[in-house]
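Trainee: First to last, the sequence lines map onto chains W and H. Oh and the first sequence: position 199 is 227 in my numbering, straight run, nothing missing. Oh and the second sequence: position 271 is 299 in my numbering, straight run, nothing missing.
Derived by calculation from the structure, the hints in this document are not laboratory data. Hints are supplied without guarantee of correctness; some may be wrong.
Same chains, same names: a pair is fine if it fits in one copy or spans any two.
Subject to a maximum C-alpha distance of 16 Å in a straight line, what follows is the list of computed EDC-like cross-link-like pairs (lysine to aspartate or glutamate) [to be verified]:
1) Lys170 - Asp30
2) Lys246 - Asp295
3) Lys80 - Glu192
4) Lys95 - Asp208
5) Lys156 - Glu200
6) Lys139 - Glu201
7) Lys80 - Asp222
8) Lys95 - Glu76
9) Lys80 - Asp297
10) Lys170 - Glu201
11) Lys80 - Asp295
There are 2 protein chains.
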Amino acid sequence: MDNRPIGVFDSGLGGLTAVRALRRLLPSEDLIYFGDTSRVPYGGRSRETILKYARQDMRFLRSFDLKAILIACGTVSTTSLPTLQRENDLPMVGVVEPTCRRAVDMTANKKVGLIATLASVRSGVYEKTIAALDPEIQVYAKACPLFVPLVENGRFQPGDPVIEIVAREYLEEMRSTDMDTLILGCTHYPLLTDIIGRIMGPEVTLISAGEESAYELKRTLKAQELLADPSRSGDAAYYVSDRVEDFEKIAAWFLQEDLHHEANQIDIDRY
Amino acid sequence: MDNRPIGVFDSGLGGLTAVRALRRLLPSEDLIYFGDTSRVPYGGRSRETILKYARQDMRFLRSFDLKAILIACGTVSTTSLPTLQRENDLPMVGVVEPTCRRAVDMTANKKVGLIATLASVRSGVYEKTIAALDPEIQVYAKACPLFVPLVENGRFQPGDPVIEIVAREYLEEMRSTDMDTLILGCTHYPLLTDIIGRIMGPEVTLISAGEESAYELKRTLKAQELLADPSRSGDAAYYVSDRVEDFEKIAAWFLQEDLHHEANQIDIDRY
């Protein structure tokens with residue numbers, strides 16, 4: 029039993045969909061979230077810069093006494109996870125591998141779709157990870173660059189004509205395949221689950237990267253006997269690197285619950 | 029006479045609409061453009077972060093021997109221009125003042141609209157600048173946070189249902205006033221001129237921030253006898269902080285001409 033908090037970080041606020049899953053799966057755990065909102069998005073940067081930023085994010089989180097870390101950022105998960113794992117002696121979970129494992133488990137016809145940011149699709153890491161698990165699986169990848177700005181501007185409600193048109197366009201070619209499993213490879217996308225689900229139809233299983241990484245973290249904590257006292261009620265603290273003014277509103281979208289915590293702003297360059 | 033180049037920078041590629049105006053107005057001048065494409069957009073970020081980024085952009089540009097700088101970024105112009113002017117001993121032109129002067133000249137009924145990014149609208153700088161020029165003028169300001177990502181994803185063509193719906197929503201309250209002049213306070217917006225113009229109607233004059241700042245720079249160079257030899261033909265070099273692969277295509281949208289230059293990628297974190 030270990031009541032120390034779990035650290036979670038993302039380049040921005042999308043990682044809060046992983047926090048939402050963690051709070052449901054692990055209600056006794058304390059969480060410390062860091063969103064690097066002053067430097068979001070990481071996707072277009074060089075590997076060296078991403079690693080530099082990820083190391084700073086880690087150093088900030090490790091200023092707390094943590095028992096584990098969830099990297100709720102696709103770009104860091106795909107580029108820097110092995111290095112960060114080597115440099116830090118605590119359990120660390122990323123989003124790619126658990127998500128791919130779940131997709132491989134779920135697909136019956138071995139046809140899996142992936143929607144993600146441009147950088148994640150370009151990296152090819154999801155395809156590589158799936159191929160290592162089952163080389164027969166065919167992956168259809170599609171970048172959806174407008175999903176993040178639309179979600180961040182609150183346009184994720186079913187019936188909003190703008191998100192409906194954009195989603196239909198992005199998913200059109202996916203629908204013309206007979207894939208049965210679709211990875212939502214960006215932590216912003218769970219807010220679009222209803223819209224994407226309706227377009228793809230009930231025969232397609234949607235896999236959320238944030239949620240799968242939360243399951244993986246629970247498995248890891250259990251295996252290493254690091255779970256918190258189940259009688260306690262966990263709390264969460266939120267840190268960001270840019271202005272905190274809109275945090276409560278936007279965070280409530282991702283967490284799908286009212287938030288009674290202000291975020292604290294920190295200067296990530298100091299770490 | 030001074031044949032040294034002019035530096036131009038923007039958070040992304042929108043500032044190329046100012047480059048387009050400069051090339052028309054000052055065909056003998058060499059231009060060095062920097063677009064901070066790895067950190068675009070600046071518009072939603074805090075003043076502190078924007079100033080930090082703008083200082084890095086300046087340091088990169090000043091690694092060249094420049095005679096003047098045009099800040100083709102509405103967000104930097106509204107939040108950081110006086111500080112940058114204090115810190116740098118060369119002529120520097122932003123987009124706000126020339127744009128406001130033009131709007132004050134053009135309005136007959138003293139009702140002026142402003143559309144811009146969230147940070148620019150929040151700054152209140154356009155209102156303050158217009159009030160200093162003519163305190164009787166009423167300004168209607170509206171942030172249009174989705175215009176930049178939509179333009180950057182190529183959705184600026186009249187008839188595209190997504191941009192048409194978003195533009196109509198943003199401009200609805202503007203149309204209910206009887207303003208006769210509308211400032212396009214972001215250098216991305218000139219690509220939306222046809223759509224905005226059709227929604228607002230022919231009685232509303234659109235003022236482009238990028239174009240007005242180019243006129244202002246020409247006036248400044250002339251007054252300080254810094255114009256280049258008029259017999260020479262100016263060239264332009266392009267630098268960005270993100271991948272250069274898509275630069276040529278997107279730059280051609282903003283410049284409205286075919287581009288025969290590749291961009292060079294630099295690491296802005298080093299400046």
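Trainee: So, for every hint listed, does it hold in this structure?
Mentor: Against the structure, the hints come out as follows:
Proximity of Lys170 and Asp30 under a CA criterion of 16 Å is satisfied in neither setting, with 40 Å inside one chain copy and 50 Å between copies. Taking CA atoms no more than 16 Å apart as the test, Lys246 paired with Asp295 passes in neither setting, with 30 Å inside one copy and 38 Å between copies. For the identical chains of this complex, Lys80 and Glu192 are neighbours neither inside a copy (35 Å) nor across copies (37 Å), given an alpha-carbon limit of 16 Å. In the homo-oligomer, the alpha carbons of Lys95 and Asp208 never lie at most 16 Å apart, since the shortest distance is 37 Å inside one protomer and 60 Å across protomers.
Taking identical chains as interchangeable, the C-alpha atoms of Lys156 and Glu200 are never at most 16 Å apart, the minima being 24 Å within one chain and 47 Å between chains. In this assembly of identical chains, the alpha carbons of Lys139 and Glu201 lie at most 16 Å apart only when taken from the same copy (13 Å versus 47 Å across copies). Neither within a single protomer nor between protomers do Lys80 and Asp222 lie at most 16 Å apart by alpha-carbon distance, with minima of 35 Å and 39 Å respectively. When the C-alpha separation of Lys95 and Glu76 is checked against a cutoff of 16 Å, the pair qualifies neither within a copy, at 27 Å, nor between copies, at 33 Å.
Taking identical chains as interchangeable, the C-alpha atoms of Lys80 and Asp297 lie at most 16 Å apart whether they share a chain (11 Å) or sit on different chains (10 Å). Taking the shortest Cα distances, Lys170 and Glu201 sit within 16 Å of each other inside one copy (9 Å), while across copies they are farther apart (36 Å). In this assembly of identical chains, Lys80 and Asp295 lie within 16 Å of each other by CA distance both inside one copy and across copies; the values are 15 Å within and 12 Å between.
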